Amino acid sequence: MKQVSFLHTADLHLDAPFSSLGDEAKACKRRNELESCLCRIIQRVQEAGINILIISGDLFEDKYIKGSTILKIKNLFTEIYNTEIVIIPGNHDLLRENSFYRTTVWGSNVHILEDSKQVLYLEKYNTCIYNLGVKNNVRMDMEQIPGMEIARERFNILLLHGTVDMPFEEDNYNSITSKELLSLNMDYIALGHMHCYSEFKNESTVMVNPGSPEPLGFDEEGEHGYVQGLLSISEDCKKQCDIRFIEDAARHYHNIDVNISGCSDDSEVIEKICLVGQMDGVGQFSFRETDFYKITLTGFISKNYSPDIGYIQETLNSRCFYIKLRNQTSAKFEYECYLEDPGIKGEFVRRILDLQEGEGSQEKRDTLFLAMQYGLQALENERVD
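Final position of the sequence shown in full-length UniProt numbering is 385; the numbers increase by one with none missing.
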């Protein structure tokens with residue numbers, strides 16, 4: 001049985017500015033962590049004896065990348081000289097005329113894919129590597145592959161940096177469907193561009209978008225890492241693809257809504273946030289010092305109280321790497337003034353209070369209170385914020 005091992009990553013975005021952090025020291029630390037992430041990937045390749053390292057686009061930020069960072073990348077690639085490194089440029093590291101991809105003298109084991117008409121054949125590993133969407137749009141390139149003779153006795157891998165199974169909007173990069181890609185009968189399709197993990201399969205093909213190995217924003221919650229895989233072919237040309245996701249992120253992003261209904265000062269809000277932090281996830285870990293948090297304050301509060309977002313944020317800053325607060329609370333309606341109201345508002349309040357009185361669970365009573373507030377808001381303003 002013939003086999004070839006691979007490690008598939010994408011979207012490292014080395015030298016990303018992280019300007020949204022508003023703190024250059026933290027931004028610099030985060031950039032260093034992206035480099036450390038690449039170091040760990042190279043170490044994994046070495047320790048596992050990986051045959052092919054696949055990087056499916058956006059290895060670096062073309063607009064911000066420094067020559068010194070490129071030199072570090074080159075030196076790291078030199079450390080795994082027995083591994084074939086296959087790279088497809090993405091939309092953040094485009095293959096321009098003066099791109100570092102073209103101006104750098106890379107080692108003989110580094111292959112930058114440029115043209116879908118060209119197939120990289122790695123004879124040592126009996127592997128053909130195809131690419132889409134670098135020189136032309138993915139749809140123009142798609143016409144090339146069906147005309148090529150796919151050798152079934154070889155391993156066939158396709159690289160694409162693009163948008164899969166998303167609305168076909170003009171600003172989407174290399175938009176295509178998973179059905180179209182799976183119809184090409186590749187053994188493995190190595191995607192990049194979307195920063196969260198996704199996986200597609202049919203009878204003959206495994207297609208994976210590994211996501212970014214380090215999360216880069218609040219729309220990238222959950223685990224992040226890369227994919228390690230093994231392609232096998234038997235003497236009767238039966239193929240198998242085994243993959244596993246390796247979680248490897250140093251930090252994670254969390255979006256948390258905190259209902260502060262009933263709070264009347266900042267200390268109560270801070271206490272409420274910390275309580276939710278303790279209950280989030282498995283076990284009582286409070287806030288993770290390594291992570292990013294976006295806290296959205298919700299609920300109904302007194303018209304006489306306005307949370308001091310700056311103070312609350314500053315107080316919580318030391319508990320995690322980065323925290324951002326948003327205030328989306330609404331003014332609490334004083335339901336007592338509707339008790340004698342003969343109209344629909346009064347009837348609504350009285351019914352909710354009757355339900356509360358007959359409810360033994362504090363949680364359900366709180367839910368009914370919120371229902372009352374939203375109901376009064378809708379009746380009073382003809383909308384719900």
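Treat the hints with caution; some may be incorrect.
Each computed EDC-like pair below joins lysine to aspartate or glutamate, with the alpha-carbon atoms no more than 20 Å apart [stated by the list, open to error]:
1) 324 to 340
2) 303 to 219
3) 63 to 24
4) 272 to 340
5) 332 to 314
Simulated restraints, written as ranges between beta carbons of each label pair [stated by the list, open to error]:
6) 366 to 337: 54 to 64 Å
7) 357 to 198: 12 to 22 Å
8) 32 to 324: 17 to 27 Å
9) 363 to 172: 18 to 28 Å
No lab work stands behind these hints: they were computed from the structure.
Keep in mind that this is a model prediction, so the values were computed, not measured.
For every residue, glycine included, the Cβ atom is placed at its ideal position computed from N, Cα and C.
How the hints compare with the structure:
no.: 1; hint: 324 to 340; verdict: violated, 43 Å
no.: 2; hint: 303 to 219; verdict: violated, 32 Å
no.: 3; hint: 63 to 24; verdict: holds, 18 Å
no.: 4; hint: 272 to 340; verdict: violated, 34 Å
no.: 5; hint: 332 to 314; verdict: violated, 26 Å
no.: 6; hint: 366 to 337: 54 to 64 Å; verdict: violated, 21 Å
no.: 7; hint: 357 to 198: 12 to 22 Å; verdict: violated, 49 Å
no.: 8; hint: 32 to 324: 17 to 27 Å; verdict: holds, 22 Å
no.: 9; hint: 363 to 172: 18 to 28 Å; verdict: violated, 43 Å
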